[in-house]
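Guided by the hints, dock chain Y onto chain U, whose structure is given.
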Amino acid sequence: MSEVLEAPVQAKKEAQEFEPKIVAFLCKWCSSAGSDLAGVSRLQYPPNAVPIQVMCSGSVSPLYILSAFNKGADGVLVSGCHPGDCHYLKGNFFARRRIYLVQKLLKFIGLESDRFRMSWVSAAEGTKYAQVVADFVKDIKALGPQRKLKAKN
Amino acid sequence: MTRRAGVFVCHCGTNIAATVDVKNVVSELAKDDGVVFSKDYVYMCSDPGQQSVIDAIKENQLDSVVISCCSPNLHEKTFREASSVGGLNPFQCEIANIREQCAWVHKDRAKATEKAIKITRSAVRRSLRDESLTPLGVPVTRKVMVIGGGIAGIQCSLDLANAGFDVVLVEKQATIGGHMLQLSETFPTLDCSQCILSPKMVEVSKHPKITLMVQSEVTSISGFVGNFKVKVHSKAQYVDPEKCKICDDCAAVCPVVATNQYDVGLTGRRAIHIPFAQAIPASYTLDEEACLGLNPVVCGKCKKACEAGAIDYDRKPTTTDIDVGAIVVATGFDLYGKDKLGEYGHGRYPDVLDGLQFERLCSASGPTGGHVLRPSDQKEPKNVVFIQCSGSRDPENHCAYCSKICCMYTAKHATLYKHHVPDGNAYVFYIDIRSGGKGYEEFVQRSMERDGVMYLRGRASKVYQSKGKLKVLGVDTLSGRNVEIDADMVVLAQAMVPSKGTAEIAKTLKIGRDKDGFLAEAHPKLRPVESVTGGIFLTGAAQSPKDIPETVCQASAAAAKVIQLLSKPELEHNPAVARVRESHCTGCEMCVDACPYEAITLVNGKAHVNEVLCEGCGTCSGTCVRAAIDVKNVTQLQVFEMISACMGG
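Keeping their order, the protein sequence lines are chains U and Y. To get the working numbering, take the position in the first sequence, counting from 1, and add 1. Each step along the second sequence adds one to the number in the working numbering, with nothing skipped, and position 519 is 502.
Heads up, some of the hints might be wrong.
[Claimed, not checked] Which stretches of chain U does chain Y cover? Using the computed rule of at least three CB atoms under 8 Å from a CB of chain Y, they are:
hint: 1; stretch: 40 to 46
hint: 2; stretch: 70 to 80
hint: 3; stretch: 118 to 128
[Unchecked claim] A short, non-exhaustive set of chain U residues, derived as facing chain Y with CB atoms under 10 Å:
hint: 4; residue: Ile23
hint: 5; residue: Val51
hint: 6; residue: Pro52
hint: 7; residue: Gln54
hint: 8; residue: Ser58
hint: 9; residue: His88
hint: 10; residue: Leu90
hint: 11; residue: Ala143
hint: 12; residue: Gly145
If you're looking for bench data, these hints aren't it; they were derived computationally from the structure. A virtual CB, placed ideally from N, CA and C, is assigned to each residue, including glycine.
Pulled out of the complex, with its shape left as it was, chain U reads as follows (with noise of 0.2 Å):
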């Protein structure tokens, strides 16, 4: 009797208690400075989102997207310049599109598409990108931990 009444308060508490892991890919230009402005401005988030910066958000490659998430990753976070202020003129563009194949991709294996987020952040906006994280955070810990596409040990 008592092991069916805990183990929803298990749940429960799994469920309070769930930090969610989560990688952010973030262009060198805006994303990253922006990130920057942040720190500068002491804005708090929630530190769940590891950083990774990269060059631009166009070198994201689908495969560190799935490779993040085959990894144990709740979230995917992947944030560059505003379209069309690529620094690199249209990096930004080609990462729009591939991230919109990778979300109907993800979709279609059964992961829950809000898993992987996209967001435009400027050097400027340190505001936007804590709102950011905080967000997406607290989406990922609505939908709980990420089991579908994480490596079985």
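Chain Y only, in chain U's frame:
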């Protein structure tokens, strides 16, 4: 061979150490494969900190180094140089940003420490696969393009040309001079604006090193620092400046009257006109929008009247390709639109003027010959109200920022008015007086004490017309009373906003803008005249509101930065460029299409990278389905390793 990494974790005083358990980061990283040396230090960027990196490289034969500290934008250069002194290839030194991206944005010490470990480990994994790279030498085009021919562009062009560089000065209008030429006098000395600017304009026109392109705009740009290719579109030049004798015969017969922008709409001018007497190039110009159609059948009067034969209706717009090594953007400001200021009449009342219109009224070259007369009835106004912060410092409704120069130019306007109309009353509504600058505070005091300008501390809430008067409602917060003034004229000190077209030029050049639309500098304090894009510099009011001395100062600063850049025999090009793994490449050309720099071509059925053109963005590697192309030192393998580290593996 197993790699040997060294990890250095910085406390940054307490900036990092207050939130991140630095010792713990060091001890955790020390356990990692490949890490043979690790330490923490209170300030890694200090001399002893750098020396410890140098020593550790030598003593432990390190072949990769990770500094876990602040943003790579700050000290990557410092530590790469230190690594180089220690005998390590600088491209084998990586920065882990645990300050801006970790310590400063989190409070929970345990979680922040865990994140700092992941960030550092990720950098270590990357560094263990970093290869030794040598910068590529790239030739430099010793020519500069300056965009915008106001005082900022003029000063910058002259400084560059006098240093021996070829300059192309591109101006949208038919003449250089910008807003400064519209001014009557300048604060705080009250010297005549045209008298100090026109000699510089003449110097520009005569300078053998300066090519002036008026009625021209930059339409596209390609290339990179040291080697830009710029396309400039020029409107058709119907009047040949070489032949024009400035005799005015053409304007005398022109039947069309258009608004005179130089007098800010206070007067009219003909379709064929000279913008003002000192225009450079010294020539009449034909406003094709106002002209009856450039068709001799319809009009053609001016062509017939021109004895010099300077007018040719068949001229066509041109596009010119220009190679330059650096670009300076000096596109200036506009006044915040009066139409946005509903409380002051939306620009409906003819006697509510903007600051530039009032300048024209005071100017001897202006519509009234230097007499302050009301536009509506040409009478001398006896009560004039000046409203500061019209559109500035009003985050709810208008611009949040202070436009910086309005306190001073309002004091100047009120003083000039009192000089023109000694028996008149000048009232100034102000929030605060900001008069920092050499001789500025004294100037404001003089306007009150000697010239009797009445300063009222408070905002004017409304301007409306009643019985031929302009009623100004406001509040004097010092006496705590509401104020109502029957004014003959109202002058608004409107906010400065980036000039029309700033957004466009920023987009064309791929340089950022700040939240208010001004061009964004690379660092607000330490790199004030550089954009984030190498080789593109900023100056003048396009970057932020500023007055003439500050603009001139910044223009010379930008020139100095350009000279510094172009004085090197060749530029170093980042060697972290794309590389093709030929065994994997099938010649599908996806990377060729994706490359923003046309750096990839197909050679013998395989992708080939032109390393000088490649900027290392990695769009190719993100596109390649066979992982056949990679950017050196950010290879896919390295990114996979970094992802593992971020996941705690």
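Hints, verified against the model:
no., hint, result
1, 40 to 46, "holds (count 6)"
2, 70 to 80, "holds (count 3)"
3, 118 to 128, "holds (count 3)"
4, Ile23, "holds (9 Å)"
5, Val51, "holds (4 Å)"
6, Pro52, "holds (5 Å)"
7, Gln54, "holds (8 Å)"
8, Ser58, "holds (8 Å)"
9, His88, "holds (6 Å)"
10, Leu90, "holds (4 Å)"
11, Ala143, "violated (20 Å)"
12, Gly145, "violated (17 Å)"
In terms of the numbered hints stated before, the structure departs from hints 11 and 12, listed from lowest to highest.
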